Amino acid sequence: MAENTLLSKLEGLQHKFDEVSTLITDPAVIADMKRFVKLNKEYRDLERVLTAKKRYETLLNNLNEAKDILANEQDPEMKEMARAEIDEIEPQIAPMEEEIKLLLIPADPEDSKNVVMEIRGGTGGDEAAIFAGDLYRMYTKYCESKGWKTAVSSFTEGSSGGFKEIIFTVTGENVYGTLKYESGVHRVQRVPATETQGRVHTSAASVAVLPEADEFDVVINEGEIKWDTFRSGGAGGQNVNKVESGVRLRYMWKNPNTGVSEEILIECTETRDQPKNKERALSRLRTFIYDKEHQKYIDDIANRRKTMVSTGDRSAKIRTYNYPQGRITDHRIGYTIYNLSAFMDGDIQGVIDQLTIAENAERLKESEL
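If you count the sequence shown from 1, position 307 lands on 307 in this note's numbering, and the numbers rise without skipping.
It cannot be assumed that every hint is accurate.
Distance ranges between label pairs, derived from CB positions [what the hints assert, rightly or not]:
(1) Asn-40 <-> Ile-93: 29 to 35 angstroms
(2) Asp-347 <-> Gly-161: 21 to 27 angstroms
(3) Thr-22 <-> Asp-347: 15 to 21 angstroms
Only pairs whose alpha carbons sit at most 20 angstroms apart, straight line, appear in this in silico SDA-like list of lysine to any residue [unchecked claim]:
(4) Lys-38 <-> Ser-112
(5) Lys-9 <-> Asn-360
(6) Lys-141 <-> Ser-341
(7) Lys-41 <-> Ser-112
(8) Lys-16 <-> Lys-41
(9) Lys-317 <-> Tyr-290
(10) Lys-164 <-> Val-185
(11) Lys-254 <-> Asp-217
(12) Lys-101 <-> Ile-89
(13) Lys-141 <-> Met-344
Because the hints were derived from the structure by calculation, they are not lab data.
If you're wondering where the values come from, they're calculated on a predicted model, not measured in any experiment.
Virtual Cβ for every residue (Gly too), placed ideally from N, Cα, C.
Use the sequences and the hints to build the structure in full.
Right, here's the structure in full:
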């Protein structure tokens, strides 16, 4: 039976859970932060599977008891109660099995991380920068609805509004696992504010969602970092240009995938506190290197999956925002909705849910569970 096959895959998990539970209280493990974080994640994952396993086993036991009563009990009232219980339990079995199968597939290790998001205006000049600003507003509204915090690291304003480029961090629960679907080129079709003839133009902006690296994810020789400071520009009153709070770092890094050395340049003007800006610039440096080093892993996943829902070519056009028709189309899954106004106000969860379903279907097929 299918349920016996599934239950057989769950055997031994309790022993593994008990083993991990013991390890995370071991002082030697606690002292090894990288191992401790990894084991804590494994503990939480196993706990979720075992909780689902208990619910599944309870459903199966109750179903078998009800079927036994229906087959052997003579009392009509008892038989009717058993039949009602069977009708209630049977529709829950298949979804429960799907939930367990997904829990058994190793999750993307990056999903629980915070992110660094980069939005850049692409083709379309001033209108592309305005659209990049619209996307930034959309994401900040969405993050606000999720209770996540956003903080701008750096930005370059467009000459007619919006941003030529804006880089910001998002912190919260399961941020990368949710926002990773947004990486790619976003295309807009509308009449720009700068258009005098009323013609519809097509412009684009690129979005990159990078999992924020922890300190132990990459090795950086901080002694080789070259630091500069400068006065931050932008809004902030009379004090903003009096102190050199902005920081710029330069770091030579050899890409292990290509063997080529390159200079990384990062600026941060996020706060008026220079040490904090240095700390955040370092965080962005770690994230940049981590992203580059893991590109091979990301490409491997993309090559195995048909729709490349959350990984792969970041230059691919993933979504079109059509203003005249009030339409949004996600090209990866052929999903179209007509609530553009609400979408641009941050109501993007519906599309993310559809992308999650599509990716989960791919993961199940790949795992052959």
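request  = Could you work out which earlier hints the structure fails to respect and list their numbers in ascending sequence?
outcome  = Hints 3, 9 not satisfied by this model.
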